[in-house]
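With chain A fixed as given, assemble chains B, C and D onto it according to the hints.
4 protein chains.
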Amino acid sequence: MYSFLNDYSEGAHPQVLEALIQSNQEQTVGYGNDDYCQKAKEVILKRINQPSADVHFLVGGTQANLVVISHALRDYQGVIASDEGHINVHETAAVEGTGHKVITKPHQEGKVTVEMIKQILAQHPDEHMVQPKMVYISQTTELGTYYTKQELEDIHAFTKENGLYLFLDGARLGSALVLDDAPSLADIAKNVDVFYIGGTKMGAMFGEAIVILNDELKENFRYQLKHKGAMLAKGRLLGIQFYTLLKDHLYEDIGRHENQMADYIREAFKAKGYPLYLPSKTNQVFVDLPLDVLAQIEEHYLVTHIQPLDNQQMRVRLVTSWATPKVEVEKFVEFIKQL
Amino acid sequence: MYSFLNDYSEGAHPQVLEALIQSNQEQTVGYGNDDYCQKAKEVILKRINQPSADVHFLVGGTQANLVVISHALRDYQGVIASDEGHINVHETAAVEGTGHKVITKPHQEGKVTVEMIKQILAQHPDEHMVQPKMVYISQTTELGTYYTKQELEDIHAFTKENGLYLFLDGARLGSALVLDDAPSLADIAKNVDVFYIGGTKMGAMFGEAIVILNDELKENFRYQLKHKGAMLAKGRLLGIQFYTLLKDHLYEDIGRHENQMADYIREAFKAKGYPLYLPSKTNQVFVDLPLDVLAQIEEHYLVTHIQPLDNQQMRVRLVTSWATPKVEVEKFVEFIKQL
Amino acid sequence: MYSFLNDYSEGAHPQVLEALIQSNQEQTVGYGNDDYCQKAKEVILKRINQPSADVHFLVGGTQANLVVISHALRDYQGVIASDEGHINVHETAAVEGTGHKVITKPHQEGKVTVEMIKQILAQHPDEHMVQPKMVYISQTTELGTYYTKQELEDIHAFTKENGLYLFLDGARLGSALVLDDAPSLADIAKNVDVFYIGGTKMGAMFGEAIVILNDELKENFRYQLKHKGAMLAKGRLLGIQFYTLLKDHLYEDIGRHENQMADYIREAFKAKGYPLYLPSKTNQVFVDLPLDVLAQIEEHYLVTHIQPLDNQQMRVRLVTSWATPKVEVEKFVEFIKQL
Amino acid sequence: MYSFLNDYSEGAHPQVLEALIQSNQEQTVGYGNDDYCQKAKEVILKRINQPSADVHFLVGGTQANLVVISHALRDYQGVIASDEGHINVHETAAVEGTGHKVITKPHQEGKVTVEMIKQILAQHPDEHMVQPKMVYISQTTELGTYYTKQELEDIHAFTKENGLYLFLDGARLGSALVLDDAPSLADIAKNVDVFYIGGTKMGAMFGEAIVILNDELKENFRYQLKHKGAMLAKGRLLGIQFYTLLKDHLYEDIGRHENQMADYIREAFKAKGYPLYLPSKTNQVFVDLPLDVLAQIEEHYLVTHIQPLDNQQMRVRLVTSWATPKVEVEKFVEFIKQL
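Chains as they are written, first to last, in this note's numbering: chain A, 1 to 339; chain B, 1 to 339; chain C, 1 to 339; chain D, 1 to 339.
Looking at chain A on its own, in the form it has when it is part of the complex (with noise of 0.2 angstroms):
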């Protein structure tokens, strides 16, 4: 059987294992202290081209979103999402577990729009409902979607304006940063408070790392990390991975291969007419299948049951990533056309 059910089926980009390797026996200094941790930052400010942003590095994407929200919002604030977000659905409610809200509209092809947020402040006039003062995306989305460079701006010129937060979750942000319209690091660094760049989904062994542009969110986010748990002790194997990541562009030809892998089997699907959910040119591919041939797929491949449909058909997920092999995917395009 082989596994197309998400992105972390496998340990670590072979690169970054080796350098995981290489580092081993070196002592260092624990919590992210080390230099290993500074050179990575360094490539970081480097590529986002904002020398006072800063950095920190913690393990895993649930950890980063409560983080990061409990250290943004006073007690009294929320958070705007939308449903399918990855903080509304799919985190054990690990947000309003620091005691804050999700707030929450229908998506649009799994986005927040300006006009949600507008939506959302006009209903929260005052002290007798949660503040709104932070809006939560994720690049790419739950769906396989991304905001292309115009759409993060105009979220970002009105969250400014109304004094929100604007927080992007980066765990698959490698996928979206080779696309033509989509933001690049630096544009995504202009154009919002705080964002993070995934690891786990993208060739580390594991690791987050977050970005801070807004001073405001800068103070004291080290001990916010340590009352959370999300504090390393060996951080140094966070600066190892992302240093190995981000200097020459390994991450970018991450994404690259994933999409390429992912368009792959969405030419597939398309040739034999089984229809796809949403335009997605990222490494998540959804297709709406009937259960016949379903069947016969899941006697060979591990695929995501999202949604049972009318006519006898499922709404199925696969995944690509780093260490998806072209030659499995050939494989199996081979068999979804003789199916």
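Just so you know, not all the hints are guaranteed correct.
Cross-link-like lysine-lysine pairs, in silico, DSBU-like; alpha carbons within 35 angstroms at most [said to hold, decoys possible]:
#1 B/Lys331 - C/Lys39
#2 D/Lys149 - D/Lys272
#3 C/Lys105 - D/Lys39
Hints are computed from structural coordinates only; laboratory data are not their basis.
Using the frame of chain A, we list chains B, C and D on its own:
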């Protein structure tokens, strides 16, 4: 200007006030361990016909909701409500402030339905999502509707089967108690795990009486009260008021009066052809008024704007209470007639 | 049995009760936006001589403490108190319930000292420890002592230098206000960032008036109140009471009365040679009594056991209040004499 | 400069690293549901001789503490620890951040005693105080001491009698496991409600293995993990490491090695007449050094300053680990000799 803004515009019902005056100089022990609280509890147990229920008193509704919900839930559990539920909209995320997600679906005439709960359960299958554990309903609802005895029994049967607690917020309970097909106090006690009898909006100076039926929710409730800052030093103030309201059906008399006052107002609007929003027999009147009519009304009366509608109309709310004099309502009805 | 258990054994001071009766049928808007609250605020601002302070009212002391402290602190910050501080001992971890550590050192005559704060700061140098950000003191203290004007100024100077907020819990403030070397209301307002004027233990039926001096703590305080379930629907009840207590120095008259009653009792114990615990001039009397003497007293009076001592003695507490009749104290003094 | 700062200065033990390398390209399901985690659990269950225990893996110690403690306690409950307990001092109030008070007494040689717990229970009689519900101990302690089997059994007997949970933090468990009178893994499992086997400081790249013995604490633990951001996407990384550490007693070998290295250092200090602080046989060495001696050492070695003492002395800490080469220790011992 006469105010129809809400049912807490005045102080306390004269009988309640008198009881506070009479007892003012007596010495009692603090924190609800006094004889007045004891007597109030006995009256409640008798009226609900559940001798082993626990009764606790506290000051306000948001407090009651956050104390009960946080007491019932473990960290990773959430509470189901309609999108119009008071805890979802009007409590500045007080429930989320205790760490718990409010899980919502759009209301059905202001109410939660078995179908809504069923859908939510289906969408929360595993540990990557918050675990739904309680259902929150209000009698009467935020929109002036109410659960019939049958509806309450149906929801109760479903929650019990599915291991969910059922919690009824009775901030305006008196208004529903006197309606024919609505559940009585004893019916409610048989069909929920915990509920409260509202005082603040029902003639008390302040106060809500929490009644716990399910043994699992009884343990250490006083610790929870104190922990949340909700244990009143002079607890006897609450005992005195609830004893007065409940010993001789003053509570129901108040409900009957306020419903009747509201009925007069509803009739007046209907007679003029202004459409009422949702079928209502309780003390909240929702009506859609042309803007020019509203302007005339607001020269003499205070009402709440709910929502601008199309066609130069505004949905407004008028609320009656124990303190609404019949003569004021008659004047208002005359005023409407001549518009 | 006459009770010296505490200063909240009765209802409200007759003048306060009368004001509630007089205003009972008036209609006001809710949540503290009414004219009574406005008038009470104006009286307070005038008496503290700080026209730009913010004033908010809520029901009880634990509530006041948890709202103020959680409003002032970020997630990873803690509050310094003495080990006998009310927030450390008698509030069922309400402050920790909002996520904040109470950092303590052993008290000095019930008080926090500059030296204690200095030591705590030295022990919390970096992000692996909670960040001390606020100092909590009570006037009067749990042990009946009080801060002199000089002591308050010293603590204030130190906290200001070190970027700490100073918060004064004035649950029994009236008892200290009338002492010669204690700070006045205006002195307090000049030397703290936030404090509250206690009502519950000072003649109000219930209520505490929070006064915010530091601009950093003013923003969105009403959101915090509502978020914590601490915003009273009938806010005017609080305004009426504080206006009555403060407009003509009734508050100080109560303090003077209760201290005088306590002085009589202290004299009686001293005359019999029973040692008082800590020098006290306020409304709490701590005395070490032989067990047989205590037994005789407890045939007629309720007192609080604080701690068993060696030599068959018990440390007990007696509390006087606005409601303690002089004639009862005289009877008690006679009773002590003849023991 | 050679560092004796701590036991997490290097990466992973070579055998652990090798296991990560070998498994790197395999596909597994996420979140700890893979075969490696299954195998690691089986090894642990066998070694503790408790087939029905639950085992969960997560990344770090502060995370383990906050997840276990918040899972075990209800809102109004607190955890007992010594004043030197890691949760009280070195975790930036992470436990309080989940809403729970850490209740402390001064340590006895770094340890909690039955007498301390007894006193705390006596001081927390009712609902006006936090309810103590769990006792937290560390094996080894922060000060390098350890609980004997007898001491652990005594504490367990007392906690069981008094309805308290006993939780053992085993961040440095391996160092104690190999001492004669210390409890074995099976002894620990018989005498606590929950504990964890530390990996981060014991040769793993990262990770702690939580073992739950008490059925009351088992339910929904995976929900709690995810809710607190503590469920690792690539869970298999944890399974692989713990399987490697525990399948053939590598874990104990590491403990034995680090203790032996520390013994050499202790002998060297003793021989020179520098007093050791507290009797210790584990991998932490606490020694009081004259400042001029310390200065000489710090030209070549990194050590931790614990506390300045009188008489121009400093208490310092040196830590050994799996990675401490015997040859480095021998060089250090020679260096000490010639001082």
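Structure-based check of all given hints:
1. Taken as a hint, the B/Lys331 and C/Lys39 pair is honoured in the structure, with Cα atoms around 32 angstroms apart against an allowance of 35 angstroms.
2. This hinted pair checks out: D/Lys149 and D/Lys272 have alpha carbons roughly 33 angstroms apart, not beyond 35 angstroms.
3. For the hint linking C/Lys105 to D/Lys39, the alpha-carbon distance of about 48 angstroms lies beyond 35 angstroms, and the restraint is violated.
Of the numbered hints given earlier, the model fails hint 3 alone.
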